[in-house]
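So the sequence lines, in the order shown, correspond to chains A and B.
The opening residue of the first sequence carries number 1 in my numbering; numbering runs sequentially from there.
The opening residue of the second sequence carries number 1 in my numbering; numbering runs sequentially from there.
One thing to keep in mind: the hints can contain errors.
[Stated by the list, open to error] Below 30 Å or equal to it, Euclidean Cα-Cα: the simulated DSBU-like pairs (lysine-lysine) are:
no., chain 1, residue 1, chain 2, residue 2
1, A, K357, A, K409
2, A, K6, A, K120
3, B, K33, A, K6
4, A, K151, A, K122
5, A, K68, B, K27
6, A, K409, B, K27
7, A, K122, B, K8
[As the list claims (entries may be wrong)] Estimated spans, in silico, between C-beta atoms of each pair:
no., chain 1, residue 1, chain 2, residue 2, range
8, A, D30, B, L172, 23 to 31 Å
9, A, G61, B, N38, 31 to 39 Å
10, B, N38, A, A147, 25 to 33 Å
11, A, N201, B, V152, 53 to 61 Å
12, B, D143, A, E105, 19 to 27 Å
13, A, D30, B, V152, 32 to 40 Å
14, B, K27, A, G183, 32 to 40 Å
15, B, D143, A, D30, 38 to 46 Å
16, B, T40, A, Q155, 14 to 22 Å
17, A, A198, B, M39, 49 to 57 Å
[Said to hold, decoys possible] Partial list, derived from the structure: chain A residues whose beta carbon lies under 10 Å from chain B:
no., residue
18, A21
19, A48
20, A69
21, A73
22, F74
23, A79
24, N153
25, L307
26, Q430
Keep in mind that the hints were calculated from the coordinates and are not lab data.
For each residue, glycine too, the CB sits at the ideal point set by N, CA and C.
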Amino acid sequence: MSRDAKSNIQRITAILKGFDADNTPRRTHDVLDDLGATRSTGFGLLRALVRAGWLERYDHGLVRLGDKARGMAFAPLDAQDQSETATMRAAPGAPPRAHGAPDLEWDPDLVRTVETERYKAKPPFRIGFSNASVNNAWRRAMQESLAYAEKTNQQQIAELLIKDAEDDPDLQCRQIDDLVGQGIQLLLISTTSVAHVALSNRLKALAEDGLPIVAVDRRPNDRSSLTTFVTASDHRIGRISALWLSEHLSGQGRVWLLSGLEGTSPAIRRQQAALQVLSQYPGIQVEFVSHTDWTPDGGYRTVGRLLDDTGRSPDGVWCDSGLQGVGSVRQFIDRGLAIPAHTGGDLNQMYKLCLEKKVPMVALDYPASMGARALEVALDVLSGQPVPQRVEVPVQIILPRGQETQSVKADTWAERHVEWALGDDAVLSQGPALQSALAKAAS
Amino acid sequence: MSETPYDKAVASFEALLDASSRVSHAKPVRLIKESGQNMTTGYRHTAALEADGFLRRDESGVYLRGTAALRTSLSAFGFGRLAPVIEPVLRRLKDGTQHTSFLAIIEESDVCVGPYFQGRATRHIKLAATYRIEISRALSIGDASEVTLVPVGSETGARLNTLMTPVASRALYTAVLGFALTPARLPDRSLFQALSQAAEQIAP
Numbered sequence: 001m002s003r004d005a006k007s008n009i010q011r012i013t014a015i016l017k018g019f020d021a022d023n024t025p026r027r028t029h030d031v032l033d034d035l036g037a038t039r040s041t042g043f044g045l046l047r048a049l050v051r052a053g054w055l056e057r058y059d060h061g062l063v064r065l066g067d068k069a070r071g072m073a074f075a076p077l078d079a080q081d082q083s084e085t086a087t088m089r090a091a092p093g094a095p096p097r098a099h100g101a102p103d104l105e106w107d108p109d110l111v112r113t114v115e116t117e118r119y120k121a122k123p124p125f126r127i128g129f130s131n132a133s134v135n136n137a138w139r140r141a142m143q144e145s146l147a148y149a150e151k152t153n154q155q156q157i158a159e160l161l162i163k164d165a166e167d168d169p170d171l172q173c174r175q176i177d178d179l180v181g182q183g184i185q186l187l188l189i190s191t192t193s194v195a196h197v198a199l200s201n202r203l204k205a206l207a208e209d210g211l212p213i214v215a216v217d218r219r220p221n222d223r224s225s226l227t228t229f230v231t232a233s234d235h236r237i238g239r240i241s242a243l244w245l246s247e248h249l250s251g252q253g254r255v256w257l258l259s260g261l262e263g264t265s266p267a268i269r270r271q272q273a274a275l276q277v278l279s280q281y282p283g284i285q286v287e288f289v290s291h292t293d294w295t296p297d298g299g300y301r302t303v304g305r306l307l308d309d310t311g312r313s314p315d316g317v318w319c320d321s322g323l324q325g326v327g328s329v330r331q332f333i334d335r336g337l338a339i340p341a342h343t344g345g346d347l348n349q350m351y352k353l354c355l356e357k358k359v360p361m362v363a364l365d366y367p368a369s370m371g372a373r374a375l376e377v378a379l380d381v382l383s384g385q386p387v388p389q390r391v392e393v394p395v396q397i398i399l400p401r402g403q404e405t406q407s408v409k410a411d412t413w414a415e416r417h418v419e420w421a422l423g424d425d426a427v428l429s430q431g432p433a434l435q436s437a438l439a440k441a442a443s
Numbered sequence: 001m002s003e004t005p006y007d008k009a010v011a012s013f014e015a016l017l018d019a020s021s022r023v024s025h026a027k028p029v030r031l032i033k034e035s036g037q038n039m040t041t042g043y044r045h046t047a048a049l050e051a052d053g054f055l056r057r058d059e060s061g062v063y064l065r066g067t068a069a070l071r072t073s074l075s076a077f078g079f080g081r082l083a084p085v086i087e088p089v090l091r092r093l094k095d096g097t098q099h100t101s102f103l104a105i106i107e108e109s110d111v112c113v114g115p116y117f118q119g120r121a122t123r124h125i126k127l128a129a130t131y132r133i134e135i136s137r138a139l140s141i142g143d144a145s146e147v148t149l150v151p152v153g154s155e156t157g158a159r160l161n162t163l164m165t166p167v168a169s170r171a172l173y174t175a176v177l178g179f180a181l182t183p184a185r186l187p188d189r190s191l192f193q194a195l196s197q198a199a200e201q202i203a204p
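Next comes chain A alone, as it looks inside the complex (with noise of 0.2 Å):
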């Protein structure tokens, strides 16, 4: 009778996953105590993988990864064209710039790893998610992505405290000291302000007395409180949609932008971005730079407002997402406009409308699916896994057929990104997460 709860699967791993990176070898009978299995089912096992080629003796009583775990590096990093899903990549364009240093957009954070064996604990942990607000489709997406991570590693988690902090820095310092009371081993937080000294401050004492913090969505300005920070490119999104824009106005054209929620990193520094590219051309001309809260109600207040003063439309609307975009497109649809081109995905809804009205458009979806990867990254920390300063989940470029520029080109076509089946309120960047709405909505 087995010692443990785990079947040989979870033992297999757990013995591949004890060499460190330089694959020292280690005492079989060091592999064994930390397997916490029988003698018989651990050499037993053992035996199977030195078998098998997983592991090799190296010397008396010494094994360390062998030939097959080495084959394992040969993968791809993301699905390949014959998969048997709805999203299906666009066809080859021409590559970029064929003369000069593509610009790829180095952040050294990527590349500087975290050490964090000083947080290694058993498990399984006790986890506190301060999350910024649920006051968005976006938002509450992210929150269900990462409750779905919960469930997939139901076994390295003893519970998942979540606290909604409805956009309230006072609050979600009060509700951080909740959840430090209520023992967690780490703390996963989107932040309510870049800024907010107080918040910053006891994010601070809390790094200090030893607590891992994982900043993801958003952060403080104050990064030093943070083991890493898991988002998405902020300048990607906000520079390649300006891009876009440009080039589909043929650099002449009157702009409107139409940020998210004032104050906050993401929109601060999609703004940013974009703002430099639209820069670039003489003839974009930018009238008006707007917040809207991330809400349809503010992109449609926003726009009737501008309408109503100027008496005319823009050849353009920037918004660093959809979830203000369907309110824009909306203001134009009720007016009887005909809609200029728009940038923003990330809403079901914007991509059924713009894809119905024909509106030309650009999205790139900020991934939701960063909730499931934040607490993958959490269990990485608990672990004492090294992990990236930075953590980027990807962003594709999401177009409709025909509407490439020059520069920018679909990584994913519109038409076989949205979801019909789905409702407006549906985000499609959650990942796995989305799958089972999608089952839902067809049983």
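Take the given structure of chain A and dock chain B to it, following the hints.
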């Protein structure tokens, strides 16, 4: 010698990992069928491998090798420290150039291809797991060089033209970043620059 329950467990583990990299599967049932296991056991094993990071699902739900699998495989070469950073580096190389980007490990003239992103400009080129270098040449860290690879075990297999730069070396092994190149076309200068930039980012 008869197969023990432990051998069977190892075979199941291997079959599921292999199935995830052979063909894209968006549903556990397809992955399990491909691996040749029965459904009840297969579901349990798939869930366990996903929870332990040996399998993961991408945005569209397709099963891929997980981060723990990548870390374990690179650790087996002694390059486990590259594991947390290699994905963003390869992704940027692919996104910035539209070429297939890869990490490979060289041992003398043998080349084991590791994780890779398939790029649009070279999507017709399918990588194999192992090659040998056609004409050996010295590679130095930070310098990108054109290297032609020949598939191992196939005298008729297509040669692979690559651009490579070493980023780390350890005992017998050298880790290189590379691009797959379109045959009979000279690589653009921007590819050399991109690889050199990437090597600067991660070389010690």
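These are the hints, each one checked on the structure:
1. A threshold of 30 Å between alpha carbons decides the hint, and for A/K357 with A/K409 the separation of about 22 Å falls inside it, so the pair holds.
2. The straight-line distance between the Cα atoms of A/K6 and A/K120 is roughly 20 Å, inside the 30 Å bound, and the hint therefore holds.
3. Under the criterion of a C-alpha separation no larger than 30 Å, the hint pairing B/K33 with A/K6 is consistent with the structure, at around 24 Å.
4. At most 30 Å may separate the alpha-carbon atoms for a hinted pair to count; A/K151 and A/K122 meet this at roughly 19 Å.
5. Pair hint A/K68 plus B/K27 holds up; C-alpha atoms about 26 Å apart against a cutoff of 30 Å.
6. Our distance criterion of 30 Å between C-alpha atoms is met by A/K409 and B/K27, whose separation comes to about 29 Å.
7. Straight-line distance between C-alpha atoms of A/K122 and B/K8 comes to about 29 Å, which keeps the hinted pair within the 30 Å bound.
8. Between A/D30 and B/L172 the C-beta distance comes to about 25 Å, which sits within the given range of 23 to 31 Å.
9. At about 37 Å, the CB distance of A/G61 to B/N38 agrees with the hint of 31 to 39 Å.
10. Restraint check, B/N38 to A/A147: a C-beta distance of roughly 30 Å satisfies the suggested window 25 to 33 Å.
11. Range check, A/N201 to B/V152: Cβ separation about 59 Å, and the 53 to 61 Å hint holds.
12. In this structure the hint that B/D143 and A/E105 lie 19 to 27 Å apart at CB holds, the actual value being about 23 Å.
13. Separated by about 35 Å at the C-beta atoms, A/D30 and B/V152 satisfy the suggested range of 32 to 40 Å.
14. With their beta carbons about 38 Å apart, B/K27 and A/G183 fall inside the hinted range of 32 to 40 Å.
15. At about 41 Å, the CB distance of B/D143 to A/D30 agrees with the hint of 38 to 46 Å.
16. Checked against the hint of 14 to 22 Å, the C-beta distance between B/T40 and A/Q155 comes to roughly 18 Å, which is consistent with it.
17. Under the hint 49 to 57 Å, the C-beta atoms of A/A198 and B/M39, about 54 Å apart, fit the expected range.
18. Hint on A/A21 holds. Least Cβ distance to chain B is approximately 3 Å, under the 10 Å limit.
19. Here the hint on A/A48 is kept, as its CB sits about 4 Å from the closest CB of chain B, short of 10 Å.
20. Because the closest C-beta pair between A/A69 and chain B is about 4 Å apart, less than 10 Å, the hint holds.
21. About 4 Å separates the beta-carbon of A/A73 from the nearest beta-carbon of chain B, less than 10 Å, and the hint is met.
22. Interface hint at A/F74: satisfied, since its Cβ lies 4 Å from the closest Cβ of chain B, which is below the 10 Å cut-off.
23. The closest approach between the C-beta of A/A79 and any C-beta of chain B is roughly 4 Å, which is under the 10 Å cut-off, so the hint is satisfied.
24. Taken as an interface hint, A/N153 checks out: its beta carbon lies about 5 Å from the nearest beta carbon of chain B, inside 10 Å.
25. Annotation: interface hint on A/L307 violated; nearest CB of chain B at approximately 36 Å, more than 10 Å.
26. The interface hint given for A/Q430 is met, as the beta carbon of that residue sits about 8 Å from the closest beta carbon of chain B, less than 10 Å.
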